[in-house]
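Enquirer: What follows is each chain in one-letter form.
There are 2 protein chains.
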Amino acid sequence: MSQDPKRAVILLSGGLDSTVTAAVARSDGFALYCLTIAYGQRHVVEVTRARAVAEALRVEEHRVTEVDLQGIGGSALTGHMAVPKDRGVGARTEGIPTTYVPARNMILLSLAFAYAEVCEARRIYFGANIVDYSGYPDCRPEFIRAFETVAKLGTRSGTMGKPTEILAPLLMLSKAEIVRRGFELNVPFHLTHSCYDPDQAGVACGRCDSCLIRREGFRQAGVVDPVPYAVP
Amino acid sequence: MSQDPKRAVILLSGGLDSTVTAAVARSDGFALYCLTIAYGQRHVVEVTRARAVAEALRVEEHRVTEVDLQGIGGSALTGHMAVPKDRGVGARTEGIPTTYVPARNMILLSLAFAYAEVCEARRIYFGANIVDYSGYPDCRPEFIRAFETVAKLGTRSGTMGKPTEILAPLLMLSKAEIVRRGFELNVPFHLTHSCYDPDQAGVACGRCDSCLIRREGFRQAGVVDPVPYAVP
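Chains L and Y, in that order, are what the protein sequence lines are. Letter by letter, the first sequence follows residues 1 to 232 of this note's numbering. Letter by letter, the second sequence follows residues 1001 to 1232 of this note's numbering.
Here chain L stands alone, though its shape is the one from the complex (with noise of 0.2 Å):
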């Protein structure tokens, strides 16, 4: 009588927005595959806590897959300047910051679609948002629209009439409204990490764009963040 359910690849870094997206695509009926690539970021706890919070979700299949973008550099997120701390919304929001990494999401929506023809999902989940990240072009929505052309033309599963969408669930939301989807959907906040530079322990700095901007969505939507921080 049973049948196996949809398959869908998620994207999951250990942070607030993949764990909540990925807890998206369970309440919507997926069987979860999940894809963690480790890419040289300064925050590789990161890492860790996807591994973690693909154990506390039960998702089907959990894979790693390193890419060297510290060899190609370019970003504050993969050693190469300071990440920016303490600045204000005007300042977060001018511009593209520091910590863009140069084609990102393209390498990691490419390594997504790789994963999805080999286990067959017909869907990506993909934690993109917007309205805190605006600076970051590859989280637009006419990005997203563009690669499902590319992968359509470009993949053996897309040239034979079965191909793949991105789903980005959060991209409109606020940080605040996050927060509440996470809270609603019993999401292990306890084991995500947002900070762009923890220390050697893995603690948030608390000071970094990525920290405040997580700060004020629990804030906002009144929720204890349950992540403990260096600077209170």
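Since the hints were made in silico from the structure, they are not lab data. Some hints could be false.
[To be verified] Just so you have them, the derived chain Y footprint on chain L, three or more residues with Cβ under 8 Å:
(1) 55–68
(2) 115–127
(3) 142–150
(4) 153–167
[Claimed, not checked] Label pairs and their in silico Cβ distance ranges:
(5) L:27 with Y:1165: 40 to 50 Å
(6) Y:1052 with L:71: 14 to 24 Å
(7) Y:1064 with L:122: 31 to 41 Å
(8) L:58 with Y:1223: 52 to 62 Å
(9) L:70 with Y:1006: 20 to 30 Å
(10) Y:1200 with L:64: 26 to 36 Å
Ideal Cβ placement from N, Cα and C applies to all residues, glycine included.
Go by the hints and put chain Y onto chain L.
Expert: Coordinates of chain Y only, in the frame set by chain L:
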């Protein structure tokens, strides 16, 4: 009086096509920034050859970056299936071969765009070819054009009005024409590697699709292939 030459990124695999492509870029007057991706391919000897080719072509910079595609699987080239041997032209041009690596060119081009952003290159030379490899969807011109659009929307340089273009100078050439073009440009053919399934010492098998196509190409071009083969 001297002016910096324009910069181009070359996806240099160490194979015949990418090496001829690099030589074309140099003859077009570009300073060469070469990127080799070690993606867990069976023919990892390619990476060693890519270094030798880069040195012979006196490139400006050569970076080797690792991407663990073996962790994703799904291809004969990353060790998950057998490499087909001794196939005639008919079988070779029918459908998508098992040597197709899921989303490979999406991944390679994404990394090339990342590198182009870092070294401020406005052009990527890409050795794709459609004549001998018509089965690979990610070598088709419409895929390449769609990829330029994605990159224009998703990269810092693209959104700032400095898009990077993809040039595939070999796209419509036969293998014999590629060999002739390489011969005119003094390409170090002896350093290049094409075999999908070399032995431990890196000697080409002479029987996989890639070897068969290469050997026919040299024969038709009337040029001696200086590379040794396990099967004469």
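Enquirer: Taking 31 to 41 Å as the hint, is the beta-carbon distance of residue 1064 of chain Y and residue 122 of chain L inside that range?
Expert: For residue 1064 of chain Y and residue 122 of chain L the Cβ distance comes to about 34 Å; the hint holds.
Enquirer: Are three or more residues of the segment 55–68 of chain L within 8 Å, CB to CB, of chain Y?
Expert: With 6 residues closer than 8 Å to chain Y, the segment 55–68 of chain L meets the three-residue bar; holds.
Enquirer: Are at least 3 residues of the segment 115–127 of chain L within less than 8 Å of chain Y when you compare beta carbons?
Expert: holds (count 3)
Enquirer: Can you tell me whether the CB distance of residue 70 of chain L to residue 1006 of chain Y sits inside 20 to 30 Å?
Expert: Once the Cβ atoms are compared, 27 Å apart, the range 20 to 30 Å for residue 1006 of chain Y and residue 70 of chain L holds.
Enquirer: Between residue 27 of chain L and residue 1165 of chain Y, does the C-beta distance stay in 40 to 50 Å?
Expert: Once the Cβ atoms are compared, 42 Å apart, the range 40 to 50 Å for residue 1165 of chain Y and residue 27 of chain L holds.
Enquirer: Starting from the range 26 to 36 Å, see whether the pair residue 1200 of chain Y and residue 64 of chain L falls in it by beta-carbon distance.
Expert: With a Cβ separation near 29 Å, residue 1200 of chain Y and residue 64 of chain L satisfy 26 to 36 Å, so the hint holds.
Enquirer: When you take the CB atoms of residue 58 of chain L and residue 1223 of chain Y, is the distance between them in 52 to 62 Å?
Expert: The hinted range 52 to 62 Å holds for residue 58 of chain L and residue 1223 of chain Y, with Cβ atoms some 59 Å apart.
Enquirer: Count residues of the segment 153–167 of chain L with a Cβ under 8 Å from any Cβ of chain Y, then say if the count reaches three.
Expert: Coverage by chain Y holds for the segment 153–167 of chain L (6 residues, Cβ < 8 Å).
Enquirer: Just tell me: holds or violated, for the beta carbon distance of residue 1052 of chain Y and residue 71 of chain L against 14 to 24 Å?
Expert: holds, 19 Å
Enquirer: For the segment 142–150 of chain L, do at least 3 residues have a Cβ located nearer than 8 Å to some Cβ of chain Y?
Expert: Three-residue rule met by the segment 142–150 of chain L, so holds; n is 6.
Hint compliance for this structure: no hint is broken.
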